[in-house]
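Student: Sequence:
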Amino acid sequence: LPGMVVFYLEEKTGSSFWQFQRMVKHITGWSALFSYYGYGCYCGLGGKGTPVDDTDRCCLAHDCCYERLKQLGCQPVLNGYQFHIVSRTVVCDPGASCLCGWRACECDKQYAYCFKENLPTYEKNFKHFSGRACCGRHKLQCQERQGVP
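Position one of the sequence shown corresponds to residue 1 (the UniProt record's numbering), numbered consecutively onward.
Some hints here could point you the wrong way.
To be verified - Simulated pairs of lysine to any residue, SDA-like, Cα-Cα distance not exceeding 25 angstroms:
(1) Lys116 x Gln82
(2) Lys127 x Gly47
(3) Lys70 x Gln21
(4) Lys109 x Arg137
(5) Lys124 x Asp53
(6) Lys25 x Arg57
(7) Lys109 x Ser31
Simulated from the structure, these hints should not be mistaken for lab results.
With the hints as extra help, turn the sequences into a complete structure.
Tutor: Shown next, in the form of structure tokens:
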């Protein structure tokens, strides 16, 4: 198309865990490990209680998406996938990955964009949330809308 610059980047290797890190960096400009791991009550391993804000709700929803994949017999953290960045948009490659990998990519994509939408309300005080013990004892139930793409 005239006047349109297309940026194309292909990401190929690694587990879903590492691909999600790359995807978050491409979409938000922030490191997933340094900016989101340990954020609030749900970002990182495990999670329980009430999410502290919309960014934390993204993490809860991402956990739920992965739980649904596990129910389908997938291993979303381990299933690798490929994605492309075309004109600053993530495109999961359905042909180059197993179905579980493609679904993990779609989960990751949905919640990486959720992080981007909530950048304006990201609260640095919730990073390495010292109040994780105050989050509560019980994990919230996943909602149907947090299902598999």
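Student: Would you mind marking each hint as holding or not holding in the structure?
Tutor: Structure-based check of each hint:
Of the supplied pair hints, the one linking Lys116 and Gln82 holds, its CA atoms being roughly 21 angstroms apart against a limit of 25 angstroms. At most 25 angstroms may separate the alpha-carbon atoms for a hinted pair to count; Lys127 and Gly47 meet this at roughly 14 angstroms. Our distance criterion of 25 angstroms between C-alpha atoms is met by Lys70 and Gln21, whose separation comes to about 20 angstroms. A threshold of 25 angstroms between alpha carbons decides the hint, and for Lys109 with Arg137 the separation of about 29 angstroms lies outside it, so the pair is violated.
Proposed proximity of Lys124 and Asp53 is supported: the alpha carbons are some 12 angstroms apart, at most 25 angstroms. Of the supplied pair hints, the one linking Lys25 and Arg57 holds, its CA atoms being roughly 19 angstroms apart against a limit of 25 angstroms. For the suggested pair Lys109 and Ser31, the alpha carbons sit about 15 angstroms apart, so the restraint of at most 25 angstroms is met.
Checked against the numbered hints given earlier, this structure breaks only hint 4.
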